[in-house]
Amino acid sequence: MTSSMWVSITSADLARSAAFYEALGFPVNPDFSDEHGTCFELADNLHLMVVARDFFATMTTKEIADPRTHAQVGLNLTRDSRDEVDAIVEKGIAAGGHEPQPAQDLGFMYSRDLEDPDGNNLGFLCISPAD
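According to this note's numbering, the sequence shown is numbered sequentially starting from 3.
Please note that the accuracy of each hint is not assured.
As the list claims (entries may be wrong) - Below 25 Å or equal to it, Euclidean Cα-Cα: the simulated DMTMM-like pairs (lysine to aspartate or glutamate) are:
id, residue 1, residue 2
1, K64, E37
2, K93, E43
3, K64, D36
4, K93, D56
5, K93, D82
6, K64, D15
7, K93, E117
8, K93, D15
9, K64, E117
10, K93, D68
11, K93, E24
12, K93, D46
13, K64, D107
14, K93, D107
Claimed, not checked - FRET-style restraints, in silico, Cβ to Cβ:
id, residue 1, residue 2, range
15, T60, R18, 29 to 39 Å
16, V75, I95, 13 to 23 Å
17, F57, I129, 30 to 40 Å
None of these hints come from the bench; they were simulated from the model. Glycine included, C-beta positions come from ideal geometry on N, C-alpha and C.
Assemble the whole structure, with the sequences as input and the hints as a guide.
What follows is the structure in structure tokens.
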């Protein structure tokens, strides 16, 4: 059985968000994108739906959290090297993102966080293989 994961986050400005995630190098899947949201392919079978906040509100009866003030989910993506982690975070900063805290180097893992222009947090990390 093939499984896939679809993660949805909200945006107050879809055009700005699309430009941000495209600047990170994530391709758009036009088959699942429209005026309500944009689908990005993060990896095989891993999709990120950036959805307009007002449209997202039609899919739930719960209050929609503001990602600028409330943590929602930890979305962490691995990279093959520290250089790749640094490169994607720097691309994100150049595209309007923000690094909310300094990089962490735990020896076995190097990580950096990146907030998109709406405040949604992405973590990028490189895990060293165990000896």
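Status of each hint after checking the structure:
| no. | hint | result |
| --- | --- | --- |
| 1 | K64 - E37 | holds, 23 Å |
| 2 | K93 - E43 | holds, 17 Å |
| 3 | K64 - D36 | holds, 24 Å |
| 4 | K93 - D56 | violated, 28 Å |
| 5 | K93 - D82 | holds, 17 Å |
| 6 | K64 - D15 | holds, 21 Å |
| 7 | K93 - E117 | holds, 12 Å |
| 8 | K93 - D15 | holds, 19 Å |
| 9 | K64 - E117 | holds, 23 Å |
| 10 | K93 - D68 | holds, 24 Å |
| 11 | K93 - E24 | holds, 10 Å |
| 12 | K93 - D46 | holds, 22 Å |
| 13 | K64 - D107 | violated, 37 Å |
| 14 | K93 - D107 | holds, 20 Å |
| 15 | T60 - R18: 29 to 39 Å | violated, 21 Å |
| 16 | V75 - I95: 13 to 23 Å | holds, 21 Å |
| 17 | F57 - I129: 30 to 40 Å | holds, 36 Å |
Comparing the model with each numbered hint stated earlier shows that hints 4, 13 and 15 do not hold.
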